[in-house]
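Quick note, the sequences are listed as chains A and B, same order. For the record, in the first sequence the residue sitting at position 184 is 184 according to the working numbering, with numbers rising by one throughout. For the record, in the second sequence the residue sitting at position 76 is 76 according to the working numbering, with numbers rising by one throughout.
Any given hint might turn out to be false.
To be verified - Now the in silico label distances, taken between C-beta atoms and shown as ranges:
1) B:V206 <-> A:D266: 53 to 61 Å
2) B:A383 <-> A:Q395: 50 to 58 Å
3) B:T35 <-> A:D374: 24 to 32 Å
4) A:A363 <-> B:P160: 49 to 57 Å
5) B:T213 <-> A:Q395: 37 to 45 Å
6) B:T35 <-> A:R6: 34 to 42 Å
What the hints assert, rightly or not - Computed list of chain B residues with no C-beta within reach of chain A, every gap over 12 Å:
7) D78
8) A84
9) D85
10) I202
11) L262
What the hints assert, rightly or not - Rough simulated footprint, nothing fancy, chain B against chain A, three-plus residues with beta-carbon under 8 Å:
12) 95–101
13) 364–378
14) 452–464
Keep in mind the hints are simulated off the structure, nothing from the lab. Glycine included, C-beta positions come from ideal geometry on N, C-alpha and C.
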Amino acid sequence: MRLELRGITKTFGSVAANSAIDLTVEPGEIHCLLGENGAGKSTLMNILYGLLSPDSGEIVVDGEVREFTSPGDAIRAGIGMVHQHFMLVPVFTVAENLVLGHEESRGGVLGWLDRRKARQDVVEVSARYGLPVDPDALVEDLPVGVQQRVEIIKALMRDAQVLILDEPTAVLTPQETEELFTVMRGLKAAGKSVVFITHKLREVRAVADRITVIRRGKVVGQADPKTGVRELASLMVGRDVRLVVEKEPREPGAVALSVRGLSVRDDRGQLAVDDVSFDLHAGEVLGIAGVQGNGQTELVEAITGLRPAQGSAELSGRQLIGASPRTVLRMGVGHIPEDRQHDGLVPDFSIAENLALDEADRAPFGNMLMLDLDAIAKNGADRLAEFDIRAESAQTPAAALSGGNQQKVVVARALQRDPALLVASQPTRGVDVGAMEFIHKRIIEQRDAGKPVLIVSTELDEITALSDRIAVMYRGKIVDIVPSDTSNEELGLLMAGGGAEDAAADEAAPVSDAVPVSDAVPSAAEPTETAETAEPAAAEPADTVPAPRAAESPVAEAEAEPVRDATPEEAPAEESSETADE
Amino acid sequence: MSDRLKLRSEESPQGAVVGDGRAKRILQAIVSANTVTVTVLAFVLSVVVGGILMILSDQTLLHEWGYVTSVPGDAFRDSWHKVADGYVAMFHGAIYDPKAPQALRPIENTVVNATPLVFAGLAVAVPFRAGLFNIGGQSQLIIGAVGATWVGFTFSLPMPLHVLLAIIVGMLCGAFVGGLTGLLKTRFGAHEVITSIMLNNIALGVLAWLISTKAFHDTHRQDAISKPVKDSALLPHIHGSSPEVNLSTLLAILAVAAVWWLLSRSTLGFRLRAVGSNPDAANTAGISVARTQVYAMLIAGALMGLVAVTQVSGTLSASHAMTNTLDNGIGFTGITVALLGRGKPVGVALAALLFGALNAGGRVMEAATQPTVPHDVVTVLQAVIVIFVAAPLLVKEIFRLRDVRRGGSGPAPSVAPAATVDSAVEPVT
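Construct the entire structure; sequences and hints are all you get.
So, in structure tokens, the structure goes:
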């Protein structure tokens with residue numbers, strides 16, 4: 001199916017989320033939509049999926065103009081979408097989820113579900129496209145990567161010809177990401193097209209046939225996967241960005257945070273953090289790596305007083321466990337919560353008010369009785385300038401900001417107090433390259449000022465770029481603490497529970513599932529080669545694209561990679577796909 | 001909706017630019033579906049619905065509408081008179097009556113009717129801003145009244161002290177019930193709506209029992225009524241003769257100012273709003289959600305205690321004693337007032353005034369019209385206003401208003417005000 005978007009324009013109020021966007025997805029191609037957060041990728045895809053209607057422009061399927069007023073229309077036209085947040089019912093089995101909304105029942109309206117038929121369908125589709133799943137498994141028991149696979153199967157069962165994947169790799173381990181790429185290549189071989197939405201440059205280069213870069217609602221250029229990371233980044237952001245975190249080696253100081261035998265239970269009463277101990281030194285960044293849901297959230301919540309725990313965590317001799325969040329904050333802990341929308345910001349409050357949220361009863365923001373509105377406003381204006389928060393004024397409500405700017409508000413609040421310990425969870429989640437660069441710089445400044453910094457991130461690149469040491473968490477335990485120059489492969493293995501406990505790894509990590517995938521789709525056996533065979537047409541850049549440097553030296557390439565303070569020579573070795581590109 | 005508007009404006013060239021910049025801005029502000037516009041239009045709609053009800057409630061008119069096709073004049077003329085008379089009478093009763101001996105009397109009526117509603121509205125608005133739904137106004141009012149009445153008939157004190165004591169005890173008793181609801185929620189996770197409903201029932205039972213006991217029952221009377229409070233505990237009147245505007249009105253103004261200060265200037269109010277908007281973020285920032293919500297309910301209960309004092313020691317109660325119907329549904333009317341006032345103190349005051357005016361005017365309308373337009377029309381009017389306010393999308397759809405994004409830089413200038421004003425008039429005519 002050939003899918004064409006012509007002159008799609010969509011405005012919200014005075015903001016043009018999409019202006020005159022043209023996009024063509026050829027049959028059997030992996031088309032990557034690259035852009036910062038808030039660039040308009042999701043709006044465009046929601047228009048394509050019938051969730052929004054465009055102000056002008058048309059959607060053309062195989063030469064025929066179509067109008068989608070609901071996802072149902074889009075699905076009937078052969079468009080499938082896998083959302084960032086899965087639309088699955090956790091307590092249903094895979095088969096039940098897959099027939100949901102399309103149940104075949106026997107005996108009319110009051111009939112019973114034809115479970116056997118549903119199972120057969122699932123097995124058939126999953127075998128055809130090499131997407132192994134157990135139709136009888138409950139979705140809540142499945143790893144995230146497999147849940148995503150269920151979503152893909154769901155779209156395929158509705159005969160999707162074009163599959164939209166919205167930031168699919170955000171929740172995956174490096175291994176799971178590789179598997180997903182294999183699946184994508186398999187779909188391509190089966191003649192389906194994939195629209196892959198992301199802001200991760202390396203992934204784009206690994207899997208895309210064609211890249212369309214969107215910035216501020218406009219298509220700013222097309223590129224082929226051979227384009228250098230730095231060029232893609234500057235195309236995406238609109239200016240030159242440095243992707244390396246500049247970091248001088250430093251001798252860590254004395255132990256600042258000492259965690260001993262910490263055990264934390266999650267909301268369901270399960271042991272989420274299991275007897276964890278580690279030390280964090282002054283002037284050191286300790287990165288906690290791990291796939292989402294391996295206890296990192298609970299660990300941070302325990303240290304910041306948000307969740308009861310057993311064991312001990314002492315900050316310069318003072319016990320954090322058992323203290324209220326307020327006491328912990330008063331001890332000087334700066335906390336960047338992992339989910340800014342959920343735990344970081346009060347949406348109705350202005351930027352200035354949000355910046356004063358944790359200290360409203362203390363000077364300079366106020367006292368026990370009343371607020372000092374002038375001081376709050378002044379602080380707001382100051383931070384707005386200091387942290388480059390893009391907003392009309394500090395009185396703008398937080399809800400009106402883009403994700404990256406919201407994150408800057410949260411970061412500014414944690415840092416403005418000059419914290420004695422900085423705990424940063426996913427400090428750059430969903431943040432664009434420009435903001436990421438800035439936030440990383442500020443975090444390293446803390447470290448250089450001799451403060452202890454604890455970083456939790458599921459982005460391996462972020463962890464390796466920032467950390468002095470990396471602790472890998474798996475199933476509530478710290479599997480190992482390794483130096484920051486450990487390779488991504490090794491870290492990936494540790495994140496899947498490998499290393500010390502190989503046996504445990506097999507049952508949890510869906511690595512074993514990957515084997516039949518490549519069997520079923522032989523053409524995808526050489527992934528990097530497939531990515532190489534980009535259509536020649538795609539190489540033609542739009543006029544806004546800065547002219548690609550003819551001879552891209554490997555050195556420049558490596559420098560652009562967001563890997564720690566690595567010397568250029570060793571960087572390419574890390575990523576097999578990366579080296580293959582060059 | 002916006003598409004439709006844009007089309008209209010493109011079709012009508014005369015609507016391109018109307019008036020100078022300021023006039024245009026004002027028009028745009030009206031056209032854009034902000035809360036004030038929606039509230040005003042909801043009122044307009046409810047007046048239309050009320051008019052239809054007046055016509056439907058009149059047998060003669062219904063008969064005339066029966067032959068409307070042959071003699072249309074009768075039905076339209078008489079209906080117009082009917083509705084106009086009704087609303088004019090209401091206006092006379094609530095705002096100003098040129099023929100009345102005391103020109104300020106209707107306004108006084110309105111204010112006296114509005115006063116308890118101000119407290120009650122605030123008592124719902126404050127918890128609402130903290131993310132709680134205070135449906136328990138009834139129980140807070142009743143227990144507050146028990147305290148205030150007991151103080152009123154038990155002690156013998158000089159006037160200012162006695163009044164002050166009654167007010168304080170009434171507020172404390174109300175706050176106790178409110179705080180209990182808050183505590184049950186934050187400590188034990190009982191949903192405040194459920195516990196409030198139960199507490200309402202308990203309070204009604206306690207009231208019925210108390211006024212039958214020796215301690216409370218007025219032995220001079222046969223019916224279920226408590227002893228009246230002593231004159232020294234009555235709220236002193238500050239204006240007019242009867243019904244007087246008394247101290248409670250002054251207290252209501254103070255309460256509006258205090259709640260405004262609380263919500264927009266105080267540290268507690270800051271926490272309260274943070275908790276109401278995003279409890280998780282508030283908690284992460286070290287604000288105790290439980291404590292804040294209990295405070296909000298304490299304040300709400302104290303405000304309902306003020307309603308209790310107004311009811312018992314104020315002007316509206318001729319007997320100055322507790323009866324089974326003491327609460328008069330004010331606890332629930334407070335919910336609608338708070339909703340209409342959008343949870344803002346000044347909004348609540350205005351909404352209370354509107355409801356007060358409708359109540360005062362309704363009574364006059366009932367007496368002045370022939371055949372009678374029942375006072376129930378007022379209740380329907382109030383309900384219709386609230387329904388329309390609660391369904392802003394419906395109002396916007398009826399009047400073809402454009403939605404304006406929050407924090408946006410105002411509506412795009414391409415839309416012609418003239419075109420939209422046309423459409424806004426349509427349903428009314």
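Against the structure, the hints:
Checked against the given bound of 53 to 61 Å, the beta carbons of V206 of chain B and D266 of chain A, roughly 43 Å apart, lie outside it. Roughly 37 Å separates the CB atoms of A383 of chain B and Q395 of chain A, a value that falls outside the hinted 50 to 58 Å. The hinted range of 24 to 32 Å is satisfied by T35 of chain B and D374 of chain A, whose Cβ atoms lie roughly 28 Å apart. Under the hint 49 to 57 Å, the C-beta atoms of A363 of chain A and P160 of chain B, about 39 Å apart, miss the expected range.
In this structure the supplied range 37 to 45 Å is violated for T213 of chain B paired with Q395 of chain A, their Cβ-Cβ distance being about 57 Å. Between T35 of chain B and R6 of chain A the C-beta distance comes to about 39 Å, which sits within the given range of 34 to 42 Å. Every CB of chain A lies more than 12 Å from the CB of D78 of chain B, the least distance being 47 Å, so the non-interface label holds. Non-interface status of A84 of chain B relative to chain A is upheld: no Cβ of that chain comes within 12 Å, the nearest being about 42 Å off.
Residue placement check: D85 of chain B keeps its beta carbon more than 12 Å from all beta carbons of chain A (closest about 46 Å). Annotated as non-interface, I202 of chain B keeps its C-beta farther than 12 Å from every C-beta of chain A; the closest such distance is 33 Å. Listed as outside the interface, L262 of chain B is inconsistent with that label: its C-beta sits roughly 10 Å from the nearest C-beta of chain A, within the 12 Å cut-off. A count of 0 residues in the stretch 95–101 of chain A with a Cβ less than 8 Å from any Cβ of chain B is obtained; the coverage claim is therefore unmet, three being the minimum.
Look at the stretch 364–378 of chain A against chain B: 7 of its residues bring a Cβ nearer than 8 Å to a Cβ of that chain, three or more, so the hint holds. Using a Cβ-Cβ cut-off of 8 Å, 0 residues of the stretch 452–464 of chain A lie near chain B, which falls short of the minimum of three, so the contact claim is violated.
Of the hints listed earlier, those the structure fails to meet are numbers 1, 2, 4, 5, 11, 12 and 14, in rising order.
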